[in-house]
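Student: For the sequence shown, this note's numbering gives the first residue as 739, with consecutive numbering after it.
The reader is advised that the hints may include incorrect statements.
[Said to hold, decoys possible] Capping the alpha-carbon separation at 27 angstroms, the derived lysine-lysine pairs in DSS-like fashion look like this:
1. Lys885 to Lys766
2. Lys874 to Lys885
3. Lys885 to Lys797
4. Lys766 to Lys743
5. Lys743 to Lys885
6. Lys766 to Lys779
7. Lys874 to Lys797
8. Lys743 to Lys779
9. Lys880 to Lys797
10. Lys779 to Lys885
[Stated by the list, open to error] Computed Cβ-Cβ distance ranges for the label pairs, DEER-style:
11. His863 to Lys779: 38 to 46 angstroms
12. Gly768 to Gly820: 44 to 52 angstroms
13. Ile744 to Glu834: 30 to 38 angstroms
14. Lys866 to Leu837: 15 to 23 angstroms
15. Asn780 to Arg858: 44 to 52 angstroms
These aren't lab readings, by the way, just hints derived from the structure by calculation.
Glycine included, every Cβ here is placed at the ideal spot set by N, Cα and C.
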Amino acid sequence: MTLDKIDRRILVHLQDEARMPNVDLAEKVGLSPTPCARRVKNLEVNGVISGYVTLVDQKAVGLPVSVFVNVTLERQVEQALGVFESFITDRPEVMECYLMTGDADYLLRIVVTDLDAYERFIVDHLTKVPGIANIKSSFALKQVAYKTALPV
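Based on the sequences and whatever the hints tell you, model everything.
Tutor: As structure tokens, then:
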């Protein structure tokens with residue numbers, strides 16, 4: 739799908755406020771409400787807008803610790819990747835997981851209540867996944883920037 743300037747303006751405003759009423763959105767992007775609603779629906783149908791979420795402050799819900807984890811597998815073969823990825827998608831503390839180039843095979847972002855919870859995640863879960871050769875953890879001291887809106 740090719741995005742024009744109006745589609746991009748719609749995306750900018752919806753990323754900022756997904757619950758914005760269509761009438762307000764239409765006014766901000768210079769359309770009448772019906773064509774604006776059609777464009778939003780088209781963006782959804784074509785997968786440009788993949789969903790709507792509520793962003794929750796992790797500290798406010800008792801998950802103040804963010805840990806970035808580099809995981810190296812013994813062998814980077816399809817079966818090992820599948821086993822690891824299947825495990826990771828089932829763990830609620832794993833907020834993000836990326837297959838990487840470089841020294842580690844995967845980079846994870848984990849959120850937990852405290853160091854004890856992180857230790858339990860490592861000992862009770864991560865180390866039990868077959869095929870993991872190495873786990874390196876880095877603890878975030880402070881979140882300097884966090885964005886969910888893409889620069890469209």
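Student: All hints, please: hold or fail.
Tutor: Each hint tested on the structure:
no.	hint	in the structure
1	Lys885 to Lys766	22 angstroms, holds
2	Lys874 to Lys885	25 angstroms, holds
3	Lys885 to Lys797	16 angstroms, holds
4	Lys766 to Lys743	13 angstroms, holds
5	Lys743 to Lys885	22 angstroms, holds
6	Lys766 to Lys779	17 angstroms, holds
7	Lys874 to Lys797	24 angstroms, holds
8	Lys743 to Lys779	16 angstroms, holds
9	Lys880 to Lys797	12 angstroms, holds
10	Lys779 to Lys885	24 angstroms, holds
11	His863 to Lys779: 38 to 46 angstroms	41 angstroms, holds
12	Gly768 to Gly820: 44 to 52 angstroms	47 angstroms, holds
13	Ile744 to Glu834: 30 to 38 angstroms	31 angstroms, holds
14	Lys866 to Leu837: 15 to 23 angstroms	20 angstroms, holds
15	Asn780 to Arg858: 44 to 52 angstroms	46 angstroms, holds
In terms of the numbered hints stated before, the structure departs from none.
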